[in-house]
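The C-terminal residue of the sequence shown carries number 226 in our numbering, and the numbering is unbroken.
Rather than coming from a laboratory, the hints here were simulated on the basis of the structure.
Treat the numbers as computed from the prediction; the structure is a model and nothing was measured.
Incorrect hints may have been included.
[Stated by the list, open to error] The list that follows gives simulated cross-link-like pairs (lysine to any residue, SDA-like), each with its CA atoms no further than 25 Å apart:
(1) 48 x 27
(2) 27 x 17
(3) 222 x 132
(4) 48 x 73
(5) 197 x 178
(6) 207 x 152
(7) 89 x 115
(8) 185 x 202
(9) 197 x 158
(10) 89 x 182
(11) 52 x 69
(12) 65 x 4
(13) 87 x 164
(14) 197 x 136
(15) 70 x 4
(16) 212 x 78
(17) 222 x 155
(18) 222 x 198
(19) 87 x 62
(20) 210 x 225
(21) 218 x 162
(22) 210 x 153
(23) 207 x 225
(24) 191 x 226
(25) 52 x 65
(26) 212 x 71
(27) 27 x 62
(28) 185 x 175
(29) 185 x 106
(30) 89 x 75
(31) 207 x 158
(32) 212 x 223
(33) 185 x 100
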Amino acid sequence: MLTDVVASNAWNLPLDLPTDITTLVMKVDLGSLAQCITWDGVDSPISKTFYKRFYSNLDDIGWAKFIWHKGYALRYASYTWMAMHRKLKTADLLILKGIPVSSSCSFCDANWESHSHLYFECDFTFRILIALLPPLGSFYLRPNLHQVYDFLSNIRHFSSFDLQFCYLTISVIVYWIWRERNGRKFASLRKNHSELKAVIIQAIRAKAIKWKYYDSLKLHFKDILD
Numbered sequence: 001m002l003t004d005v006v007a008s009n010a011w012n013l014p015l016d017l018p019t020d021i022t023t024l025v026m027k028v029d030l031g032s033l034a035q036c037i038t039w040d041g042v043d044s045p046i047s048k049t050f051y052k053r054f055y056s057n058l059d060d061i062g063w064a065k066f067i068w069h070k071g072y073a074l075r076y077a078s079y080t081w082m083a084m085h086r087k088l089k090t091a092d093l094l095i096l097k098g099i100p101v102s103s104s105c106s107f108c109d110a111n112w113e114s115h116s117h118l119y120f121e122c123d124f125t126f127r128i129l130i131a132l133l134p135p136l137g138s139f140y141l142r143p144n145l146h147q148v149y150d151f152l153s154n155i156r157h158f159s160s161f162d163l164q165f166c167y168l169t170i171s172v173i174v175y176w177i178w179r180e181r182n183g184r185k186f187a188s189l190r191k192n193h194s195e196l197k198a199v200i201i202q203a204i205r206a207k208a209i210k211w212k213y214y215d216s217l218k219l220h221f222k223d224i225l226d
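Sequences and hints are given; from them, build the entire structure.
Right, dumping it as structure tokens:
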């Protein structure tokens with residue numbers, strides 16, 4: 001442990017340490033080091049203490065909590081994070097880079113493919129969304145991902161567990177829409193609305209069934225969990 005050989009910002013080496021090693025170590029002046037990690041005001045530090053301090057200079061991403069919540073699944077969360085940053089390789093971005101690809105949406109064939117169209121301006125993907133989370137059908141205009149998360153976070157009768165489930169559901173939808181898009185573009189594989197919905201529900205259940213409050217979620221999400 002570092003605390004066994006350092007005290008008061010100075011070396012406190014064991015007496016039985018070989019002389020040549022002691023000499024080399026003592027040449028390092030701890031007080032002159034430009035950067036040093038310290039635990040400030042915490043007797044028993046944990047990893048969370050470190051990374052909060054380490055990243056304290058970065059801007060806070062308010063919507064990150066919608067993706068990296070306690071019940072997140074890494075595979076789904078990673079794709080949703082990329083979608084929120086518009087980092088998925090959609091047709092509009094590829095064309096801007098000079099890559100010749102078909103510009104049409106793989107689901108409706110009526111519009112240019114983009115992040116905002118896939119999530120959720122497209123009739124097909126919007127139907128998937130509201131089939132799984134019906135309250136989102138109240139939008140007058142089609143929402144984007146940011147608006148979906150903002151809407152869900154303001155449903156007052158949802159508990160924190162309900163919201164985590166909603167956020168997980170969105171991430172799973174984002175992932176499987178992207179998977180279906182790739183299957184249609186590159187492998188001529190197509191699922192209809194009902195088939196894709198069934199795949200998404202199965203993926204949601206596989207993750208959520210491990211949650212200790214799984215049964216209580218059925219109050220608001222019976223269509224998915226039963």
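Here is what the structure says about each hint:
| no. | hint | verdict |
| --- | --- | --- |
| 1 | 48 x 27 | 33 Å, violated |
| 2 | 27 x 17 | 15 Å, holds |
| 3 | 222 x 132 | 10 Å, holds |
| 4 | 48 x 73 | 19 Å, holds |
| 5 | 197 x 178 | 13 Å, holds |
| 6 | 207 x 152 | 20 Å, holds |
| 7 | 89 x 115 | 9 Å, holds |
| 8 | 185 x 202 | 23 Å, holds |
| 9 | 197 x 158 | 23 Å, holds |
| 10 | 89 x 182 | 10 Å, holds |
| 11 | 52 x 69 | 16 Å, holds |
| 12 | 65 x 4 | 38 Å, violated |
| 13 | 87 x 164 | 24 Å, holds |
| 14 | 197 x 136 | 16 Å, holds |
| 15 | 70 x 4 | 35 Å, violated |
| 16 | 212 x 78 | 24 Å, holds |
| 17 | 222 x 155 | 17 Å, holds |
| 18 | 222 x 198 | 14 Å, holds |
| 19 | 87 x 62 | 18 Å, holds |
| 20 | 210 x 225 | 12 Å, holds |
| 21 | 218 x 162 | 9 Å, holds |
| 22 | 210 x 153 | 23 Å, holds |
| 23 | 207 x 225 | 11 Å, holds |
| 24 | 191 x 226 | 22 Å, holds |
| 25 | 52 x 65 | 15 Å, holds |
| 26 | 212 x 71 | 11 Å, holds |
| 27 | 27 x 62 | 46 Å, violated |
| 28 | 185 x 175 | 16 Å, holds |
| 29 | 185 x 106 | 7 Å, holds |
| 30 | 89 x 75 | 17 Å, holds |
| 31 | 207 x 158 | 20 Å, holds |
| 32 | 212 x 223 | 19 Å, holds |
| 33 | 185 x 100 | 14 Å, holds |
Violated hints, listed in ascending order, are 1, 12, 15 and 27; each of the other numbered hints is respected by the structure.
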